[in-house]
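Colleague: Residue numbers (our numbering), protein chains in the order written: chain C, 1 to 190; chain Z, 1 to 601; chain G, 1 to 247.
A couple of the hints might just be wrong.
Derived list of chain C stretches under chain Z, where covered just means 3 residues or more per stretch with a C-beta under 8 Å from a C-beta of chain Z [as the list claims (entries may be wrong)]:
#, segment
1, 15 to 27
2, 42 to 49
3, 125 to 131
4, 147 to 158
Here are the simulated DMTMM-like cross-link-like pairs (lysine to aspartate or glutamate), alpha carbons at most 20 Å apart as the crow flies [as the list claims (entries may be wrong)]:
#, chain 1, residue 1, chain 2, residue 2
5, Z, K337, Z, D578
6, G, K226, G, E198
7, Z, K477, G, D71
8, C, K161, C, D84
9, Z, K337, G, E83
10, Z, K477, G, E73
11, G, K226, Z, D511
12, Z, K247, Z, D161
13, C, K16, Z, D161
14, C, K161, C, D85
15, C, K16, C, E155
16, G, K226, G, E241
17, G, K226, G, D166
18, G, K226, G, D236
19, Z, K247, G, E83
20, C, K154, C, D84
21, G, K226, G, E161
22, Z, K568, Z, E69
Anything over 10 Å on all C-beta distances counts as not near chain C; from chain Z, calculated [unchecked claim]:
#, residue
23, D72
24, A108
25, V181
26, A528
Think of the hints as simulated: they come from the structure by calculation, not from any bench. Where a beta carbon is used, it is the ideal one built from N, C-alpha and C, also for glycine.
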Amino acid sequence: MTTSAELIEHGHGPSKQRRINQLGLWLFFASETFLFGAFISSRFATTQTETPADLNQALALGLTIVLLLSSISAYMAETANAHDDRRGFKIYTIATILLGTLFLGGVALEWTEALEYFPPGTIYGTAFFSLVGLHAFHVLTGLIALLVILFLGKEGRFGSKDSWPVEGVIKYWHFVDLAWVIIYPTLYLF
Amino acid sequence: MWPLIRGTVSGIVGYLIGALLATVTTSSTFSGEFALVLGFAFGLMGWLFGIGMWNAWGRQWVGLPTKSEDADGWRRYFRFNTDHKVIGGQYLVTMLVVFLLAGLVAVAIRAELASPGQSFFAPDTYNKVMSMHGILMIAVAVAGILGAFGNYLVPLMIGADDMAFPRINALGFWMIPPVAVALLAAPLVGSFNAGWTSYPPLSVLNADGQVLFNVAVITFGLSSILGGLNIVATVITMRAPGMTWWKLPIFVWAAFAASILSLTVTQFFAASLIMILLDRIAGTTWFGAPGGGTALLYEHVFWFYSHPAVYIMVLPGMGVILEIIAHFSRKPLFAYKASVISFLSIGGIGSIVWAHHMFTSGMAQNLEGPFMALTELVSIPTGIIFLAAIGTLWRGKLWFQTPLLLAFFWIFQFLIGGITGIFLADFVTDLSLHDTYFVVAHFHYTIVGGSIFALMAGTFYWFPKVTGRMYNERLGKIFATWFFVFFQLTFIPLFWVGLNGMNRRVGTYQDNLGGVNRFASVMAMIMALGFVLFVVNLLWSAKRGPIAGANPWNARTLEWQVSSPPPKHNFATPPSIDGGPYDYGTVGAATHLSGATEPVG
Amino acid sequence: MKRDLINTGLLWLVLTILGWVLVLNWNIFPPALAREAEIVDNAFNLLMVLAVPVFTFIVAIMIYAAFRFRDPERTEDGPPIRETGRIMTAWLVVTVTLAAGILINPGFVGMAEIRAGGEPDIVIGITGQRWSWTISYPNGVDVTSYTGELVLPVDNRIEFEITSLDPDVIHSVWIPAFRIKKDAVPGRITQMFITPTETGSFEDDPNVRLQCAELCGLGHATMAMKVRIVEQAEFDAYLDEILAEGS
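Given only the sequences and the hints, what does the whole structure look like? Please build it.
Modeller: Structure representation (C-alpha cells):
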C-alpha cells in the first residue's frame, strides 16, 4: 500500500482527506490542552507559585534546551520528507528520537533527586511528579510514534506524495514540546 | 462471533500481563490496586487489538496491509465495523440495555426506600447500589443520544457517506465493553461507595473497587472525547455541496455544540479521577490535608466537567425534540438561528458556572455571587429553546404521533427541571436544598426529562428509518403516557421530601417521611413495568411491523430521502442541497435533497 | 388567529391563578426555627410565585396546541412563520428582566440578608468524623452524638466552627429546621451563622436534628444528632451540668 489508508475509506481526494486529518489532529490538541490545563491549574490552586529551593535548575534548563533542539530536528525531518530527501528524513528522525530519549533519561535522573528532596507525599512533590509524569508519558508515546515512522520510512513509505503520517507525528511532537514550554515555568520559574 | 472471542482472549491475556508486570515491578499484590490499573490498561489494549483494531488499523503501523473487519448481516454488529450506521445501532442497543439494567437497580433502590428503616440492603451496600445506578445512568445520558443518533444521523443529515474518522468511531464504541466489565466487576474487589461524584477523601480511602470505577470512567471519557472529536470534524468538513451552516438540521447543530463540550471539558473529569488514582497508588497528596492538599480542589476540577456534562446530555435531547416538533407541526422551525446561537451559548456559559455546586463547600466567599449570576444567565438561552418549541407548535398542523407526544412530555418535564434549577442556582435557597432529595428530583427532571425522554422520542421517530418497519402506534402512545404519568407521580413527591429533611444518598430516613416515600416507590415500580411495553413494541415491530417506506413522516431532512434502512454508503451520488430542512408550507419550495421527492403542501 | 391568542391567554390566566392559590396557601416547609430559615423560605416562596406564570405560560400553549392545532387529515402544512423580530425582542426582554430580577431578589438581596446579622454571641465547634459528631461548647466540654444532643440557646447569634477530623472524609452540617448547611472539610475550618428564634427539640419535630448531608460512607444515613433549642437560662444550666459531669 502506497497511500494513507484513510483514503480507502472515503471517496474523496487526498487533499480533502489531508484537511480532515489536520483538523482532527488540532481538535485532539485542543482536548489535550484541557488535560494539561487541569493539572497546571491544580498546581497553582494548591501551591500557588511556591517552588522549593532544592530544584535542580541547571538540569531542568538543560532538558528544556534538549527538547527545543528536538523540535528543530523534527522540523528538519518533516521538511526532508516533504522534499523526498530520504537520507535527511532518516538522520533527522533518528536525531529527534535520540534527543527525546536523552530528555527521558534526564527526567529519570531528576526524579531520583526529587524523591529525596520533595517526595510525592508533599504538596509540591505531588504537583511536580504528576505534571512531569503526565508530560513524560506523552514524550514516550511521541517516541513510539517516531519509531514507527522511522521504520515505515525505511520500508519505502512516505515522501512528498504521502507525507501526512510524518506531518501528523511531527506535529504531535511539537505539541508535546510546547506543553513542556508551559510546564517548565509552571514548576521551576516562579 | 470470532472477533469477540479473539478480543476476549487477548483482553484477558493483556490483563494478566499488566497485572503480572505490576506485581513484579512494585510491591503491589496480584489483586492490588496498581495491578488492577495496569491490568486494565493492558487488557483494554488487548481487547481493542483483538476485536479488530489490529486488523483494520494496527497492521499499517508495522507496514502490513490492513484487513477490513466489515461484514454483512447481523454479524457486523459484533465486529470492528466502521459504518457509522452500524456503530449508531451498536450504541443504541448497548445504551438501551444499560438503561434497563440501571433502571432495575433503581427499582431496588426504591424498594429499600419504601420504608424508613433498613429493609434489604446493609447501609454500605445501599451506597454501592446507589453509586452503580448513578454512574450507569450518567453513561446512558452522555452516550445515548450522542452515540446512537449522533453517529447514525449526523452523516446522513449533512449528506456525507460516513463520519470523518470511521475507525476512530469504531474504536470509541469498542472501548465501552471493557468499561462495563470493569464497573460490573468492581463488587469483586469491594465495589465503590462514593457515588458517581466520587468525592475524596472518601474515594481515596474506600475499597479497591473505586480503582476500577476510576479506570472505567476514564476510559469512558476517552471514548466520549473521541466521539466528540469525530462529530465536530464531520460537521466541519463533510457537509455535502450546498449544505451551508445555516441549512444544517437543528439536531446536527445540537450534536455539534454538545460535541465541542465533550471534546474539551471531559479531560477535567479524567484529570480529577487520575488525581484520585495517584493519591491512592503513587502516594501523592492532591486531596490529603495532612500533606497540604485539599478536597476542595477535586470539587472544582470535577464540576468543571460535570456541570457542562449536563449540557452534553441535554443539548442533543433539545436537538431531537426541536427536530420532531418542526416535522410534526409541518412548519418551519421557529427562531432557528436563535436556537443555534442558544445551543452554543448554553455550552459556553455552562462551562463557567461549575462552582454553584459548591455554595456549601466552604470555598472562597467572593466566588459565590459571580457563580450565582453566571448560572442564572444560562436561563436566557435555555428560554429561547422553549420559545422555538412553542413558536413552532403555534398554529401548526400537528401530527399527533408517539414522537410528538413524547416531545410534549419532554417540554413539560424540562420546564420543571429548568425552573427548579433556578432554586438551586439561587444562593440562599441552595443552602437549604443542596444535597437533599430536592436535588435528586431536580436532576431526574432535567436528565430523564431532557435526555432520556428525547432518547425515547428519537427512537420512535427514527425507528422506521433504521429498521425499515413502523412501530405500533397505539402501544407507543400507551407507553409514552405511562412513562410520563408515573414519572410525575414518582418524582413530584420527592421534591417535597427533600424540602422536609430528607438528604441524598441515604438508605434509611426519618419515620415521618415514610408514607410519601412509599407512594413514590410504588409509582416508580409501576413506571418501570411500563418499559415492557417499550421493549415489546420495538422487538415485535422490528420483525413484524408494517413496511414503513423511505419517508413515512413526509419529512424534509436528508435522512428521509434515502431508502429505509439507508444503503451502505448512504447516497448513490453525493447529494446537492438547495432547499432548507424545514421549508414546510412554502408552495414550490425546493426540496431539501434536490429532485428526490415532491414538495409537500 | 386572534381567537387562538385570546383563548390561550385565558387558559394561562386561569392556570396562573390556580397556581398562585396553591402556592400561597400550601405550606410545604417543615418548622422554621431560625432567622436564616425565614430568609430561605421567603426566597423560596418568592421564586415559586415568579415561577408559576412562567410554567403556566408554556403549559397553556402546549395544552391549547394539543387540542386545537391537531391535523388528523394530514392534508396541508402549517403557515411558514419562521421568526418575527418583535416576538424575539419581547421574549428576550421578558426573560432578561426575569433573570435580572431574581438575580437581584432573592439572589443578591437574600445573600446580603443571610450574611448580615452581626457579631456572634457564642461560638460552638462541630467536628465530623466517620460516623459521629463532636460538639465543642464554649466552656471547653465536648459532647458526642453517641451520648448527647446539640443544645442551643434561643435568640443568640451562634457561630458554628465546623471541621472534619484529619484524615477523614467530607461531612456536611445540616439542621433542616434551620435550613442552611455547611460542609465539614478535613484540614479546614468552615463557618456557619445561625440565630435560632424559637425553642424546639427533635421530639417535637424530626427536622430539629443535626444531619450529615454529604455522602461519607457506611454510616452516612444515620450520622445524625438530636438538637434542642432552649431559653438562655436553661442553656446556662445545661453548660454547668455537662461541666459538672465532665469533671
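Colleague: Would you mind marking each hint as holding or not holding in the structure?
Modeller: Right, here's what the structure says about each hint:
By the rule of at least three residues with a Cβ nearer than 8 Å to a Cβ of chain Z, the coverage given for the segment 15 to 27 of chain C holds, with 6 such residues. With a cut-off of 8 Å between beta carbons, the segment 42 to 49 of chain C has 4 residues touching chain Z; three or more are needed, and the interface restraint holds. Only residues whose beta carbon comes within less than 8 Å of a beta carbon in chain Z count, and the segment 125 to 131 of chain C has 4; three or more means the coverage holds. Counting residues of the segment 147 to 158 of chain C whose CB falls under 8 Å from any CB of chain Z gives 5; the rule of at least 3 is met.
Of the supplied pair hints, the one linking K337(Z) and D578(Z) holds, its CA atoms being roughly 18 Å apart against a limit of 20 Å. In summary, the hint linking K226(G) to E198(G) is supported, as the alpha carbons are separated by about 16 Å, within the 20 Å threshold. A threshold of 20 Å between alpha carbons decides the hint, and for K477(Z) with D71(G) the separation of about 17 Å falls inside it, so the pair holds. For the proposed pair K161(C) and D84(C), the alpha carbon gap of about 9 Å is at most 20 Å, so the pair holds.
About 9 Å separates the Cα atoms of K337(Z) and E83(G), which keeps this hinted pair within 20 Å; it holds. Pair hint K477(Z) plus E73(G) holds up; C-alpha atoms about 19 Å apart against a cutoff of 20 Å. Of the pairs offered as hints, the one joining K226(G) and D511(Z) holds, with about 15 Å between alpha carbons and a cut-off of 20 Å not exceeded. For the hint pairing K247(Z) with D161(Z), the CA-to-CA distance comes to about 18 Å; that is within 20 Å, so the pair holds.
Between the alpha carbons of K16(C) and D161(Z) the distance comes to roughly 14 Å, so the proposed pair stays at or under 20 Å and holds. Distance hint between K161(C) and D85(C) is fulfilled; the C-alpha atoms sit about 12 Å from each other, no more than 20 Å. For the hint linking K16(C) to E155(C), the alpha-carbon distance of about 26 Å lies beyond 20 Å, and the restraint is violated. Using a Cα cut-off of 20 Å, the hinted pair K226(G) and E241(G) holds, with the two alpha carbons roughly 18 Å apart.
Straight-line distance between C-alpha atoms of K226(G) and D166(G) comes to about 24 Å, which puts the hinted pair past the 20 Å bound. For the hint pairing K226(G) with D236(G), the CA-to-CA distance comes to about 19 Å; that is within 20 Å, so the pair holds. The hinted pair formed by K247(Z) and E83(G) meets the criterion: a straight-line CA distance of about 15 Å does not exceed 20 Å. Restraint check: the Cα-Cα separation between K154(C) and D84(C) comes to about 13 Å, which is no more than 20 Å; the hinted pair holds.
In summary, the hint linking K226(G) to E161(G) is supported, as the alpha carbons are separated by about 18 Å, within the 20 Å threshold. Note on K568(Z) and E69(Z): the hinted pairing holds, with a Cα-Cα distance of about 15 Å set against a maximum of 20 Å. No beta-carbon of chain C comes within 10 Å of the beta-carbon of D72(Z); the shortest separation is about 17 Å. Residue-level check passed: A108(Z) sits 35 Å from the nearest beta carbon of chain C, beyond 10 Å.
In this structure V181(Z) is separated from chain C by more than 10 Å, as the shortest Cβ-Cβ distance comes to about 24 Å. For A528(Z), the shortest C-beta to C-beta distance to chain C comes to about 37 Å, beyond the 10 Å cut-off, and the non-interface label holds.
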